[in-house]
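Quick note, the sequences are listed as chains G and B, same order. Going by full-length UniProt numbering, the letters in the first sequence line up with residues 1 to 285, in that order. Going by full-length UniProt numbering, the letters in the second sequence line up with residues 1 to 352, in that order.
Everything labelled a hint here was simulated from the structure, so no lab data went into it. There could be a bad hint or two in this list.
Unchecked claim - DSSO-like mimics (lysine-lysine), calculated; alpha carbons at most 30 Å apart, straight line: (1) G:K121 x B:K345; (2) B:K345 x G:K99; (3) G:K81 x G:K124; (4) G:K59 x B:K273; (5) B:K345 x G:K89; (6) G:K8 x G:K240; (7) G:K258 x G:K240; (8) G:K130 x B:K273; (9) G:K124 x B:K273; (10) B:K345 x G:K81; (11) B:K345 x G:K148; (12) G:K33 x G:K201; (13) G:K59 x G:K13; (14) G:K99 x B:K273; (15) G:K59 x G:K130; (16) G:K89 x G:K130; (17) G:K148 x G:K130; (18) G:K8 x G:K245; (19) G:K201 x G:K8; (20) B:K273 x G:K148; (21) G:K121 x G:K89; (22) G:K81 x G:K99; (23) G:K124 x B:K77; (24) G:K124 x G:K59; (25) G:K89 x G:K148.
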Amino acid sequence: MTTLLDVKNLWVKFPTRNGIFDAVRGVSFSLGKERLGIVGESGSGKSMTGRAILQLIRKPGMIEADHIALQGQNLLNLSEKQMRSVRGKQISMVMQDPKFSLNPVLTVGDQIVEAYRLHNKASKAEARAKALEMLEAVSIRDPERVMKAYPHEMSGGMGQRIMIAMMLIPNPEILIADEPTSALDVSVQGQVLSIMDRLVKERGMGLIFISHDLNLVSQFCDRVLIMYAGRVVEVCQADKLHEAKHPYTQGLLGSLPKFDAPRPRLEVLNRDPAWREAPSVESTS
Amino acid sequence: MRAQRTFVKRQPQLPLPPWVRGLVITLFSISITMLGLLLVTFLIGRVMPIDPVLAVVGERASQEQYDAVFKDLGLDKPLIVQFFYYVSDVLRGDFGQSLLTARPVADDIARVFPATFELATIGILLGCILGVPLGVIAAVRRGSWIDQIARVVALVGYSMPIFWLGLMGLLLFYGILGWVGGPGRQGIFYEDMIPSVTGMILIDSALARDWGAFWDAFSHIILPASLLGYYSLAYISRMTRSFMLEQLSAEYVTTARVKGMSEWAVIWGHAFKNIRVQLITVIALSYANLLEGSVLTEIIFSWPGIGSYITTALLSADMNAVLGGTVVVGLVFICLNVFSDLLYKFFDPRSK
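Next comes chain B alone, as it looks inside the complex (with noise of 0.2 Å):
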């Protein structure tokens, strides 16, 4: 009875290759995310104390006035045609205008978003580039002066507040050296001069052969991507010491020093081949977090990113702003999460 129920319960396979499927299923399971996130934005604007026909009409708007924009903004619908709404709005890049601005959120975020995007691009390389190293030699060489100085390196990074360290390096840098360009993403002089094609100053500064206000931007974007750097790096390091040294006690370690490996090939070529997937993660989480927009370092920078937009636009109530930026960073969530899992199937062959 048993062996028969089996044999029937051959699933039909869709006549499909097997990396269609897998996209087909990444891209669902993608918009079914992106759709939940949708639905606590929009529950999150209706369910807030602010009358969005007010915010555009005024207070002193007569009521005709009123009704006639309650009619507009679609608010006499039933919610679940609200929603529906308000989803294709979405779908079209369209997260209506912000009050505070008075130009549409999504021209906005197209504005803030690059430049946080190349603050927390450039923060992660540098966070990667130092803290992974360093990570891995303070496991490789556990209890000397190198994993030490790591040791404080990363404290100092956890629990010094970042405004803080941010005025000192200006105070320091800008201030009394002279090295780096001060707030800001660009000096007065280069302001607006180089046309914008991907809201980068760097990527665009560079396309136009512009080197002068290249250099200028580098100048003005290096010591909030150090600090930011520096943040990652605390975590990043922390996490790489404690993978690596649970690898370096596992035995496949010794089986590749009884093969007669050097340190060097056990370390990189067995060991650390061990802990990417979860460096993946540990990255990534790192990255989304400085995506999101890192509010302290934004201000004390004047850099006009995607955090001290959204965090204005909350104390202004320009919901609109608010919940648009909401969903951008979502997006960027979803986003880093589905570019983590292709590169798990890449570096673990068990997650085939």
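Looking at chain G on its own, in the form it has when it is part of the complex (with noise of 0.2 Å):
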């Protein structure tokens, strides 16, 4: 398998009062055109993962690492500029919710245009006919109403197929999504996730798909990382996840309750210390 992104030993640093705080502890990965699934509970590092790919993690946090290479390309040599025409043209992200992740102050239709002619010389006419294209891939009916609309008039599920349509125009090559389900509710969550899936497989994407959800991880994507205190514990096929190794992946697995085989108390998960200090896992694929 070709491989896209290939991450090597990334830190990601927030000096506070009490010394330095390491968010990400030395997470190494390689992906290819597959799904990679990236799951851990809050604050186990995985969006910040995400978002140092793009480099946007926030002042005075701090980027590490040996390469984050796309294609070849370390970005971490890139200057800020340079950096800005791969954000969105060959790496993009779609956010947790529509409704903080879309400008309410502009229409759908501008905000699309936008992303479009941020990495394309397009006329407006073009860009416009290319979003309501995009607008109907993502399946909107009435892509015309939508162009006018503003985002507060758009239900959740709406919300997200359009910022999927806005990060998804300039085809990038890569598509980091941030819980793009979790602020939906359930009825959409599987419309949007099959879309998002269709067109990634059209347009041969890789997808990182960062989410606590299990269940969720193991049915849509092909490998999962599990991150647990800024580290990667364990990588396995998503298929396999059920044969995982590690106590702490088998404790998530066993605090989810089951329709098939229900249980009067669910386990509870018992971090061990020594898992916080454990090297990273290393993926291979």
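Quick one: dock chain against chain with the hints and give me the complex.
As structure tokens, this is what we get:
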């Protein structure tokens, strides 16, 4: 499999009053044209990993790594200006809640057209046509009307489909989806996921799917990284997740309720301080 | 049962286009507010321990003279009728006679208000043009030296008494350096030389193409206007900074960065557009404050504005002038409110 992205020994550090806090501690993985899931509890560093790839960690946060290579090009050596042409154009990101991730005072159309015109020399009319096409691709009925609408007039599911359209319109090679369905109603989660899946497949993209939903990730992804306290504790094939060996992963799986095997009490996750210090697992794909 | 009720509850719509309905509603609410304001000024005029009749006839008038004027002023009528008279007088632009200047209050206000308006407008323009970018930069470069400087500038603006800064400004720029004109609106040479059209000397002199008078007026207004501008800058820049900080941590800003936008475009094209409504409120408030007449500045610069007019009237118990001035200031507040409401609708799609 061709490698799109190779991350080696990634650290994200925040200086605090009590010294440096490491949000991500030596994470390494590589991504091909596949769906890679990153799972972990809150604060495990999964979102930070996604944002560090785009170098969108806000100051005073720092990103350190041996390399973050996008098709052989080390992103860490790029200037901010060069990095801007990577963002959106080559790596894009869909965030959690469209209520907050779309600009409330700009029309949907303006925001999508803007995303396209940032990376393509196109007239307004061309970009508009492209945006309409893209809205149709994410199954938006009546795209003409939606183009003129403002984000607050959209439902959550529509908002997230608009977000996907906006992020995919410059045709990036990699999409990072940071809990893209967590803020959505269960009834529309599946729909949004299948749209995203279809587009990613059609375009031969790599997808990094960040989630805390183990079931979802095991069904949706090809491979899963399990993160704990800023480290990768286990990597496995998504369909073999139930065979996971690491006690943390087993704990996570054990704490999930099951319809077919109901238990009076769910297992409680017992965290072992030793996991924190164990070195990151390297993924091999 | 319930379904039936909601079905019946369709309101009859006036057969008017929406903007006409909006206008009618706005005008209606303005007139109600105005009526409330007049009621307040009317009641203040009635409860003041100043006898309006004595103020007209003087202390040594005979009982007959007193009674005649008492009747003349309509004070023998019931209060509600008196209020009706008052409202109709005000609507005709009649605020009565000023005791101090012995002229109609309306004429006095027409003379002093343009002076304040001119000063306040230049002041607020300076405050916005400098204050808004300063606040934005301070927010974007939070914690940097430029943020610290902006903080100190605003702190000085908040805490320095304006009369002291005014006096020091006059001493330095007028007394020592001679860069600006001194107190007053014009130099003696230009006084009463240009025909009054708007009452604003800068505009009047420009209309008369008298550029000498224009520059003279400019050199007189620039120092007090900068001073007022500085005070609004202090407030506007601090508020802009905090509004901007709130927006910069919003998720849509990250979205804009993910798209690959430059910081400049993220700040002005995305974040700034979201603080416009809040900024309008802040600017309208500062502007209203300046239009009310900044008494201290007007006194130090012998600026014949509405602030010093009302203050002088108040000190000499000239109630007609005080109440007339109050009504005008109130009207200015109402107009500014209506105007900023209109701007809200324009800038925030959610308010439609």
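**Asked** Within a Cα-Cα threshold of 30 Å, do K8 (chain G) and K240 (chain G) meet the stated pairing?
**Response** Cα-Cα ~25 Å, so holds.
**Item:** Proposed proximity, K89 (chain G) with K121 (chain G) (alpha carbon, max 30 Å)
**Value:** Given pair K121 (chain G), K89 (chain G) holds - Cα atoms ~13 Å apart, limit 30 Å.
**Prompt:** Has the given pair, K59 (chain G) with K13 (chain G), been kept, meaning a C-alpha gap of at most 30 Å?
**Reply:** holds, 10 Å
**Message:** With the threshold set at 30 Å, check whether the alpha-carbon distance from K148 (chain G) to K130 (chain G) stays at or below it.
**Reply:** OK: K148 (chain G) and K130 (chain G) at ~15 Å, within 30 Å.
**Straight-line alpha-carbon gap K81 (chain G) to K99 (chain G), limit 30 Å** = holds, 29 Å
**Asked** Can the restraint linking K345 (chain B) and K148 (chain G) be considered satisfied, given a maximum Cα separation of 30 Å?
**Response** holds, 17 Å
**Asked** Going straight from one Cα to the other, do K33 (chain G) and K201 (chain G) come out at no more than 30 Å?
**Response** Cα-Cα ~9 Å, so holds.
**30 Å Cα cutoff - pair K124 (chain G), K273 (chain B)** = Measuring from Cα to Cα gives roughly 21 Å; hence the hint holds.
**Message:** Check whether the Cα positions of K130 (chain G) and K273 (chain B) lie no farther apart than 30 Å.
**Reply:** Given that 30 Å is the threshold and the Cα spacing comes to 25 Å, the pair holds.
**Message:** For K89 (chain G) and K148 (chain G), compute the direct alpha-carbon distance and say whether it is at most 30 Å.
**Reply:** holds, 24 Å
**Message:** Hint check: K201 (chain G) vs K8 (chain G), CA-CA at most 30 Å. Holds or violated?
**Reply:** Distance ~26 Å between K201 (chain G) and K8 (chain G) Cα, so the pair holds.
**Message:** Hinted pair, alpha-carbon criterion (30 Å max): K273 (chain B), K148 (chain G). Please report holds or violated.
**Reply:** holds, 17 Å
Consistency note: the structure conflicts with the earlier hints numbered 1, 5, 10, 15, 23, 24.
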